[in-house]
Amino acid sequence: MGNHPPESRRKDGSDYPQSTKPLENDKIRRLRARSSHFLYVIALFIAMSIGAIRDFDFLPSLPPGIHDLLGKPPSAEMISTALLIYSFSAIILILSRMMSGSASYGGFTQLAYLAGFYLFYHFSGAMEENFWAVFAAGMTILGLESYQVWSWCREEIRKEEEISAELDRKRRKDDNPDV
Amino acid sequence: MFRTLSARAIVPVAVAVTGFVVICCILLYSVMKTDMINDTTTHETNLTDTVIKSTRYAMLKSDRETLRNIIANVGDQKGVEHLRIFNKKGLIMFSGDPREVGRFVDKKSAGCIGCHAGPLATATIGSMERVRRFVNERGVAVIAITAPIYNEPACYTAQCHFHTAEQKILGTLDIGLSAAPLLSTLAVMRGRMIIFSIMVLLLTVGGVAALLRRQIFIPLREITEFTSDINNGNLDRELTGISGELSDLADDIRAVALQLRNAVEEIEELKKGPGQTKEKT
Numbered sequence: 001m002g003n004h005p006p007e008s009r010r011k012d013g014s015d016y017p018q019s020t021k022p023l024e025n026d027k028i029r030r031l032r033a034r035s036s037h038f039l040y041v042i043a044l045f046i047a048m049s050i051g052a053i054r055d056f057d058f059l060p061s062l063p064p065g066i067h068d069l070l071g072k073p074p075s076a077e078m079i080s081t082a083l084l085i086y087s088f089s090a091i092i093l094i095l096s097r098m099m100s101g102s103a104s105y106g107g108f109t110q111l112a113y114l115a116g117f118y119l120f121y122h123f124s125g126a127m128e129e130n131f132w133a134v135f136a137a138g139m140t141i142l143g144l145e146s147y148q149v150w151s152w153c154r155e156e157i158r159k160e161e162e163i164s165a166e167l168d169r170k171r172r173k174d175d176n177p178d179v
Numbered sequence: 001m002f003r004t005l006s007a008r009a010i011v012p013v014a015v016a017v018t019g020f021v022v023i024c025c026i027l028l029y030s031v032m033k034t035d036m037i038n039d040t041t042t043h044e045t046n047l048t049d050t051v052i053k054s055t056r057y058a059m060l061k062s063d064r065e066t067l068r069n070i071i072a073n074v075g076d077q078k079g080v081e082h083l084r085i086f087n088k089k090g091l092i093m094f095s096g097d098p099r100e101v102g103r104f105v106d107k108k109s110a111g112c113i114g115c116h117a118g119p120l121a122t123a124t125i126g127s128m129e130r131v132r133r134f135v136n137e138r139g140v141a142v143i144a145i146t147a148p149i150y151n152e153p154a155c156y157t158a159q160c161h162f163h164t165a166e167q168k169i170l171g172t173l174d175i176g177l178s179a180a181p182l183l184s185t186l187a188v189m190r191g192r193m194i195i196f197s198i199m200v201l202l203l204t205v206g207g208v209a210a211l212l213r214r215q216i217f218i219p220l221r222e223i224t225e226f227t228s229d230i231n232n233g234n235l236d237r238e239l240t241g242i243s244g245e246l247s248d249l250a251d252d253i254r255a256v257a258l259q260l261r262n263a264v265e266e267i268e269e270l271k272k273g274p275g276q277t278k279e280k281t
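The listed protein sequences correspond, in order, to chains U and E.
Quick note: the first sequence, position 179, residue 179 per my numbering, numbers continuous.
Quick note: the second sequence, position 226, residue 226 per my numbering, numbers continuous.
Here chain U stands alone, though its shape is the one from the complex (with noise of 0.2 Å):
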């Protein structure tokens, strides 16, 4: 399939199964895409806040009825708070996945909460005194899970590596065991 030179075949001439170094290659690059998945996150982050610094200004206003369904909207303080609170454990959260060493990536989840804390100000009518407050948390939030996966994915990769070398090597020395 592309990946042995003609001469690394086996002694009797017949060619080594194909399907290992394919898979093993297919692997990594899973890993690396997967390893640069939190650039759309942290894009979208920087969209949404883009339209969030204008207090959402483009969009149409919602009809009275549907205000009236919503209710009054919490006040600053409880949003404020709220964001703290996630803020907080949202780190501690994250630090603790990345101290054991899980593979699990929640920038999404987490763009869905920034997003809500963005309406819930914008509704409420703080955007402007607290907008900073919720960018400052995105980024650091995202900026953290995005690490997390990323160093993930380069530790596995390494692995991945690692393994495909030591298979080279044993096939090399099957090969050649005279050398």
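Since the hints were made in silico from the structure, they are not lab data.
A few chain U residues that face chain E, going by a derived Cβ cut-off under 10 Å, partial list only:
no.	residue
1	LEU84
2	GLU129
3	ALA133
4	PHE135
5	ALA137
6	THR140
7	GLY143
All residues carry an ideal CB built from backbone N, CA and C; glycine is no exception.
Assemble the complex: chain U is given as a structure, and chain E must be docked to it using the hints.
Same frame as chain U, now just chain E:
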């Protein structure tokens, strides 16, 4: 940058601590700013009530001269950017600036629109909703408050019989105070919080980084360099100065290096052959 152990250990902690401190400072500043603006608004509302009460007797006696003097004296005070009373139609009757008397105010401007958005004006409104903040034509940041002058029994039963009982609001007092002291205080508070945050971050991140470097990274580098030298054939190097839990690792590595040195010496002896060994004996 993230290949080294020190970067991988310190950067996430630094980002987490820095981010959280920044979030806390921004939220705290926002809350304190809101509280200070509310305090200023309360103070201004009290001042408005004081002015209305001070002018009440002059209004009852229809003593316009005294009323004009009171407005002029209060309007001349330091920090008062504007002070005016206008009637139901928006015509300015009394003002700290005599040039404004006889002009109409704009009902659609900020502070007026709250009551005058609909076809009928709102008769009562909370104190915080009466506040508006803007920059006036002189470039001064102003916190202005409008207070309606309500009709009272003493007003519509006075001798002059000027106001009828059905009239709920007789006029509006509009006072604007300079926001410069408030903004100056907010700036000082912001500066102090920034300095405090920087000090906390330097102590936390710097202290953790310094201790980690001293207790872990430098000894680990010594051990790494020692094992690298051993691997490259330099068996005479010594490993010293390792303390704490890493000293067990250092001891084991020294023992391995010593065994390796002894093994190499034995091999050298064997290579020289039995003849040389006999000579020695």
